[in-house]
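Assemble the complex: chain A is given as a structure, and chain B must be docked to it using the hints.
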Amino acid sequence: MLEIHNLSYTYPQQSSPALKNINLSIDDNKFVIIGGANGSGKSTLLKSLLGKSSIHADAHIEGSILYNGKPINDYNILEWAGKIGIILQDPDSQITNLSVEEEVLFGLENLCLSVKEIESRADQMMSFFNLKNIKNLSTLSLSGGQKQRLSIASILAMKPEIIILDEPIVHLDPSGIELIIKSLNQIKDYVKLIIVSTHFLDPFLKLADRIIILENGTIKLDFRATDIFQNFHSFPNYGIEPPQLCELYELLEKRGIKVKENNLDIPIVSNLCFKRPIINRSQNKTKNFLAKISNIHYKYENGSYPLKGITANIYRGKKIAVIGNNGCGKTTLSKILAKLRQPTNGLIESNDHKTAIAIQNPSLGFIGKTVKEELEYGRKLDTSDVIEVIQNFNLQHLINRSPFSLSEGEKRRLSLATAILQHPDLLILDEPTAGIDSFHTKIILKNIIEQHNTVFCITHDPRILEISDEVWIIDDGKIKFQDHYSFVPSIFLKTLHYPIVCKTAEFSINYLSTGIPLSVNQLGLMI
Amino acid sequence: MKIAYDATKSSLFHNIDPINKFIWCFLVAIWLISLRDIFSVVIVSMGILVFVIFASKLSLKKYLLLSCLLLSASIFIIIFQGIFQEGEGLKIWFISLSYNGLILGTAIALRTFGFLASSIAFTTTTKPKDISLSMIKLGFSYRIAHVLYLVLRFIPLFETDAETINDMYNLRGVKKNLDRFIKSIITIVSTELRRADETAIALETRAFGLYKRKTIINDIKISRSGLILNGITIILIITHIILKTHIF
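Keeping their order, the protein sequence lines are chains A and B.
Count along the first sequence starting at 1, add 30, and that's the number in the numbering used here.
Count along the second sequence starting at 1, add 89, and that's the number in the numbering used here.
Hints are computed from structural coordinates only; laboratory data are not their basis.
Warning: the hint list may mix true and false statements.
[As the list claims (entries may be wrong)] Straight-line Cα separation of at most 27 Å, DSSO-like style, residue types lysine-lysine; simulated pairs: (1) A:K402 <-> B:K264; (2) B:K265 <-> A:K402; (3) A:K165 <-> B:K226; (4) B:K265 <-> A:K369; (5) A:K369 <-> B:K272; (6) B:K151 <-> A:K113; (7) A:K384 <-> B:K150; (8) B:K272 <-> A:K189; (9) A:K165 <-> B:K265; (10) A:K146 <-> B:K216; (11) B:K98 <-> A:K165; (12) A:K236 <-> A:K218; (13) A:K284 <-> A:K322; (14) B:K150 <-> A:K329; (15) A:K222 <-> A:K212; (16) A:K384 <-> A:K476; (17) A:K329 <-> B:K98; (18) B:K146 <-> A:K165; (19) A:K162 <-> B:K216; (20) B:K272 <-> A:K399; (21) B:K310 <-> A:K329; (22) A:K384 <-> B:K265; (23) A:K162 <-> B:K98; (24) A:K508 <-> A:K476; (25) A:K402 <-> B:K301; (26) B:K264 <-> A:K399; (27) B:K226 <-> A:K369; (28) A:K399 <-> B:K265; (29) B:K226 <-> A:K146; (30) B:K310 <-> A:K146; (31) B:K310 <-> A:K162; (32) B:K216 <-> B:K150; (33) A:K329 <-> B:K226; (34) A:K329 <-> B:K151; (35) B:K301 <-> A:K146; (36) A:K165 <-> B:K216; (37) A:K384 <-> B:K272; (38) A:K218 <-> A:K189.
Just chain B, with the same shape it has in the complex:
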């Protein structure tokens, strides 16, 4: 998993507690959503990316690889906005695209790259267990938190199974079509259901869910660096709003 927690690195983000990191991602998202002009979006998105590269030791190569996945969605957003926004524009073949729409679409698309940078920073620097502990600290039931954590535990097994199915189908010459897709889904679902059945037994014999609360050994502590990061981010957002409203 390219976006999984990377324990081999140590960075500022690794030392920030998940709650503060989550709040920071939320602030960044609000900031990006509130931006309307393309210039601001570019500046803020680039700023976030550069900050994340230094603060979480994010590999630019990994970021660009994951960005490629967003590229087709971004192109769709730009064309979609171009078609449905009114105003002057250009005509390509029989499609009319407005300049307003294209600019708005580009701004929206660029925002997603900013979201991506902050999200990767969160997932690659946060232990999955800490996410579940943070949820408990925020008042969620530990049962729900652990079930979400379990998903992370099983995704790699799920990936291995999917890879094996793909290999076997290739070897037996199964054509790549909808039928193959449906068959592989059925196989994966039946395999994972069997696994889920056994996991349920394992959880029950480990007394999971028997009490409303459980003892927590490694509790989450709110880090000072996280509070400082969020404080600075809020100041930046407010400054940006003031500058936009009163100066530009």
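Excised from the complex, chain A in its bound form:
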């Protein structure tokens, strides 16, 4: 049993604590979700569980954490490292070896186990996580989902009793998310306690036993996962998007369709299907194009081709959402559109359009010493629009702060605000809502909707698809679909393993009381 008593945690040089008087008691054999907005204290709570080694040297900590009745700081470091394992948000920071097999062996070798024991455990884990066929591959060449699976396998091989996952799906595409969920489902019986921090609860609902919601370092909600339907209405108050599953159930019930009570046996359900507006295709076309892309190919240094013949027109003022699995060439295409890369073959016909990009890791694009300087960079005297953008993005209280000191949500908003202030003809956004809580997502979505410029948005977020004029599905280096998302055929969604929608289709088939199997589109039309 894990017990936390009156835990408070204040970071060095901060006046207010990141955690305030946390009291928790978690039984063995549980899967616990810790939810909350950006900056609510989720990561601090998880890192506190790691013990002395992960705590800032000058941090002020009060309270105690006990495992099986013994304070965790009383365990020697070796003993505690053997009991707890953490999976970090960014797998690139977690993986410390260059081949898949070396990574799995690494922790076991450090534990000084016998060669026989190490080989047996590594073999077991690689089989379990389907890593055997890629064991000699470089860890640099793995997809996001594979990296996270590898991280989990490497930790699990050490047989920890507790596994902590800090926002494990932020950078993953839907197929990557599905792999992680499957893996977690498999390992549930192997470990005593799994704790996941996330602001996107949907994928984990099926597995969870308990949900804890934090806000400003305090516990606001703490309930059994099966009680989600009684609690999800208050989620927006804490910056968390209500689970789409719950919204769907509620909507169906409002329409008089009876749904099985408290059934969480659907991993991921999206509002995608029932909010899809049907538009008239002919109304929405304009001849005023920004760029004509003809048969673009791109070759990486290693000889692979992420783009194998992209052909499309980008019309002025349109919002394009681009989806596709990790590594399918979306980001490369955006760099070609921004003229940062030259295609190996093919042509882009365009007038000299100005481009601005808001990248996934905003820190890499910051120039100014303060937020104000960042927003005003390269501008002359006219700063009236800067003031407007500061208000739109809720950045007023941050203008004298260093951009690097901001939280992830704040950095994303600043990055987008800076890009918009460049008044580009083409605004490129790379996963603008990934890892962002519901409150800040709403701000970002509102600002995208209000854009008059052309927007090219790489995303896995169905909410962005909803506000787009066009969806491009990129697979195997080509555009497989290009139209409004109302018309996305199920066959594309299934081949792309876009489970959010596919699972909704399953839902429609299995759970509607009418007993009539319905397709995604039929369900959308009906509701």
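Chain B only, in chain A's frame:
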């Protein structure tokens, strides 16, 4: 990384253990440093290059590309030696360059191309993990060996980050000057420090550094081909010394 391990190829050098390869690189370096006349330097450097091309399947194109990076340094070495060595020479504009210095400078510069060939042969045919295992076998702490190995793991991430920063600055019209350079360094350092912080946590939860020693599954075995290569190289060096001393 043009000098990174190339797993797609198979060659004599790929089959030699890193310790023997390292010793061979060391012998080659000693041999090149000991040479004084330009003729010997040219012969030995060319010999090493030709051998490396066959024994490690080194692409000549890759070698020439990397040699270009050395070219400016070589020119500097030649001029530097020309200026500071005494003796007869020629005068270009107001600079006096001695023939002795120019010859010595050329010999030094040519040596670096020999070093380059042997070094590329080493890095492109040796798994980074094997380098770290060799260090452990040679008595270094596994902690130091793994930290060096980690550098190789993170260089590609570092390169990607630097590329992104460069792209963003270009897009925002940041002028290419010292200020831009300093800003990009600050950004890279702060990003990598954050990454290092997380990696430190990852290492600690994987019990890294808790024992003085660790179990090693894939230990390095000294290869016979490596011993033969080093034996032949030593014989060649000794023969060369004897020929130089007693015959020429």
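To see whether the hints hold, each was checked on the structure:
1. Under the criterion of a C-alpha separation no larger than 27 Å, the hint pairing A:K402 with B:K264 is consistent with the structure, at around 20 Å.
2. With a C-alpha separation of about 22 Å, the suggested pair B:K265 and A:K402 falls inside the 27 Å cut-off, and the hint holds.
3. A threshold of 27 Å between alpha carbons decides the hint, and for A:K165 with B:K226 the separation of about 24 Å falls inside it, so the pair holds.
4. Between the alpha carbons of B:K265 and A:K369 the distance comes to roughly 18 Å, so the proposed pair stays at or under 27 Å and holds.
5. The hinted pair formed by A:K369 and B:K272 meets the criterion: a straight-line CA distance of about 23 Å does not exceed 27 Å.
6. For the hint linking B:K151 to A:K113, the alpha-carbon distance of about 48 Å lies beyond 27 Å, and the restraint is violated.
7. Under the criterion of a C-alpha separation no larger than 27 Å, the hint pairing A:K384 with B:K150 is inconsistent with the structure, at around 38 Å.
8. Restraint check: the Cα-Cα separation between B:K272 and A:K189 comes to about 44 Å, which exceeds 27 Å; the hinted pair is violated.
9. For the proposed pair A:K165 and B:K265, the alpha carbon gap of about 43 Å is over 27 Å, so the pair is violated.
10. Straight-line distance between C-alpha atoms of A:K146 and B:K216 comes to about 24 Å, which keeps the hinted pair within the 27 Å bound.
11. A distance of roughly 18 Å separates the Cα atoms of B:K98 and A:K165; the hinted pair therefore holds under the 27 Å criterion.
12. Restraint check for A:K236 and A:K218: satisfied, since their Cα atoms lie roughly 12 Å apart, inside the 27 Å limit.
13. With a C-alpha separation of about 46 Å, the suggested pairing of A:K284 with A:K322 is violated against the 27 Å cut-off.
14. Annotation: proposed proximity of B:K150 to A:K329 holds, straight-line Cα distance about 19 Å (limit 27 Å).
15. Restraint check: the Cα-Cα separation between A:K222 and A:K212 comes to about 18 Å, which is no more than 27 Å; the hinted pair holds.
16. Among the hinted pairs, A:K384 with A:K476 is consistent with the structure: their alpha-carbon atoms are about 22 Å apart, no more than 27 Å.
17. Simply put, A:K329 and B:K98 have alpha-carbon atoms about 21 Å apart, close enough for the 27 Å limit, and the pair holds.
18. A threshold of 27 Å between alpha carbons decides the hint, and for B:K146 with A:K165 the separation of about 25 Å falls inside it, so the pair holds.
19. A hinted pair counts as satisfied when its Cα atoms are at most 27 Å apart, and A:K162 with B:K216 qualifies at roughly 20 Å.
20. In summary, the hint linking B:K272 to A:K399 is supported, as the alpha carbons are separated by about 9 Å, within the 27 Å threshold.
21. At most 27 Å may separate the alpha-carbon atoms for a hinted pair to count; B:K310 and A:K329 exceed this at roughly 39 Å.
22. At most 27 Å may separate the alpha-carbon atoms for a hinted pair to count; A:K384 and B:K265 meet this at roughly 19 Å.
23. Among the hinted pairs, A:K162 with B:K98 is consistent with the structure: their alpha-carbon atoms are about 22 Å apart, no more than 27 Å.
24. The suggested pairing of A:K508 with A:K476 is violated, with an alpha-carbon distance near 30 Å, which exceeds 27 Å.
25. At roughly 50 Å between alpha-carbon atoms, A:K402 and B:K301 are farther apart than 27 Å, so this suggested pair is violated.
26. With a C-alpha separation of about 17 Å, the suggested pair B:K264 and A:K399 falls inside the 27 Å cut-off, and the hint holds.
27. The suggested pairing of B:K226 with A:K369 is violated, with an alpha-carbon distance near 49 Å, which exceeds 27 Å.
28. In summary, the hint linking A:K399 to B:K265 is supported, as the alpha carbons are separated by about 18 Å, within the 27 Å threshold.
29. Of the supplied pair hints, the one linking B:K226 and A:K146 holds, its CA atoms being roughly 21 Å apart against a limit of 27 Å.
30. Restraint check: the Cα-Cα separation between B:K310 and A:K146 comes to about 19 Å, which is no more than 27 Å; the hinted pair holds.
31. The hinted pair formed by B:K310 and A:K162 meets the criterion: a straight-line CA distance of about 25 Å does not exceed 27 Å.
32. For the hint pairing B:K216 with B:K150, the CA-to-CA distance comes to about 22 Å; that is within 27 Å, so the pair holds.
33. This hinted pair does not check out: A:K329 and B:K226 have alpha carbons roughly 40 Å apart, beyond 27 Å.
34. Note on A:K329 and B:K151: the hinted pairing holds, with a Cα-Cα distance of about 18 Å set against a maximum of 27 Å.
35. About 21 Å separates the Cα atoms of B:K301 and A:K146, which keeps this hinted pair within 27 Å; it holds.
36. Proximity of A:K165 to B:K216 is assessed by CA-CA distance (about 15 Å); at most 27 Å being required, the pair is judged to hold.
37. A distance of roughly 23 Å separates the Cα atoms of A:K384 and B:K272; the hinted pair therefore holds under the 27 Å criterion.
38. Our distance criterion of 27 Å between C-alpha atoms is met by A:K218 and A:K189, whose separation comes to about 12 Å.
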